[in-house]
Amino acid sequence: MTATAERTTTATPTTGGWRAVTAHLLMQYRRIWLGSVISSFLTPLLYLAGMGFGLGMLVDRSAGGIDGVPYLAFIAPGVLAATALQVGAGESTFPVMAAMKWVPIYFGMLASPLRVRDVVRGHHAFVLLRVATSSVVFLAVAAALGTVRSWWGLLAAPMAMLGGMAFATCTYAYAARLDNDRGLTMLLRFVVTPMSLFAGTFFPIEQLPGWLQPVAWATPLWHAVDACRALMLGTATPGAVLGHVAYLGLWLVIGSVASERVLRRRLVT
Amino acid sequence: MPPSPPTTPLIRATGLVKTFGDFVAVDGIDVAVEPGESFGFLGPNGAGKSSTMRMIGCVSPPSAGTLTVLGMDPRTDGPRIRAQLGVVPQRDSLDEELTVEENIWVYGRYFGLPRHLVRERARDLLEFAQLTDRATSIVEPLSGGMKRRLTIARALVNTPRILLLDEPTTGLDPQARHVLWDRLFRLKREGVTLVLTTHYMDEAEQLCDRLVVMDRGTIVAEGSPRDLIARYSTREVLELRFDSDDHADHVADVAGIAERCEVLPDRLLLYVANGEDAHGEVHRRGLEPLSALVRRSTLEDVFLHLTGRTLVD
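Top to bottom, those sequences are chains A and B.
Our numbering applies: residue 44 is where the first sequence begins, and numbers increase by one.
Our numbering applies: residue 7 is where the second sequence begins, and numbers increase by one.
Next comes chain A alone, as it looks inside the complex:
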């Protein structure tokens, strides 16, 4: 009795919380899911096929793979982590600017009981869903191709998700500061693409010129790639994996805190 009475009194002023934001973004996503699935899932598969089988045949024949690992098995964890990163970056750049400028749904949200924190968390949760589905499906396909050589490899999916979110929260904060989309194009062209190619994805970073190696080492992607690779190949050591998790966790925390602060400064004036 008291419980129902309490519920009716507190039910009037209420809020949907961050879930309402995620629900909204999912409803938007329903309209474009097909094209999105093609670009976020089929593209990495094409990479895997083209590079793994095509280029891989040359690598395996002339060098016996990389460190004794067939080229396909070497790059599968790299493409997994790079895909998670790209999907995360994609969903936390242009859609953020859209929600502030082109289809200004954030203003409608903030006119309701939702807080800036709900908006940021709800959007991040949506990005996580996108990154998670891409990672899980990709890992399943990679496993079917025989590139997962250890049960620890199952952890490569959450590892890729962590890497994707560590970077996505930071791109979110960056996008929320910008006045136009030029900065986003720059980010994708000059940061995301080079990182996807050179952060240990397709070849070990030891192949890079000496001065570039610390740069690659500092990128979140290299840590995600290295951890995913160790897990999928069954060569993981707890210390190394936990080190990667800690480093990516740091990016995640900084990105999350920054996202909220930047968006508040932008929208609550």
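Worth flagging that the hints you see were computed from the coordinates, not collected in a lab.
Glycine is no exception: its CB is placed at the ideal position from the N, C-alpha and C atoms.
This list has only true hints and no planted wrong ones.
Stretches of chain B that chain A covers, calculated by requiring three or more beta carbons in the stretch to come under 8 Å of a beta carbon on chain A:
id, segment
1, 57-66
2, 79-90
3, 107-116
Starting from the known structure of chain A, arrange chain B on it as the hints suggest.
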């Protein structure tokens, strides 16, 4: 006529200030909005109306002064206040990629309303907004008037105690404006407290029980539209247009005819009790204006009298 003074105001601002850097957008205003009334902020662009509305809507923290909305402090109780507000912003914030009904569904969820309740209310609200046959259309190609009505329908999904409307009909054609006014009038009759800003004097006269005239961040007058006209203007206005580059040249010719005379770039405004009599006197003096028009005083004249400027440039 508003009823006898009710108990506590829904909105009360005292010495409310909003600054952006060095710019003072709202410069110490005092306002009280009573339950069930329809209250307006009238003023030109840049008068501080929207800044005031955003503070009341708890999306813009006041720089100084006190503000209570529904008895709570926007600084600390923003989400709880906003749960009971309906907001129609100056610029539509609809999701144009979704359908009309989907817009209401997602908005209802912001308020934590259960799905079945939102769907039920969406049907009623779309009927109210005369959008039932558009329920499953994508929003983007709809007309400005339809989008505006959808924004209002959406703002009512939580059955708010106060509906805030910032320039509700700016940019709409006359017919769409009348449809919208009709809807707002219905809400007013149902007892919803309306708070709106406008720079259209006809809108303020149509919708507001009481209003404040704002100029450069301050309130220059307050009252019902009829009070304000009675206090700051005459019953009628005679507008004279001469074949002349500078209408100030003709002020001496009409001296003594009117209580007050305003010079606009393209005409003279003579404030008089009886326009026809004044027109007769103009004629007797042998003046030959290109055109002469007698009309009733409006809030536009009140604003011109108070600030020396027109509302819409």
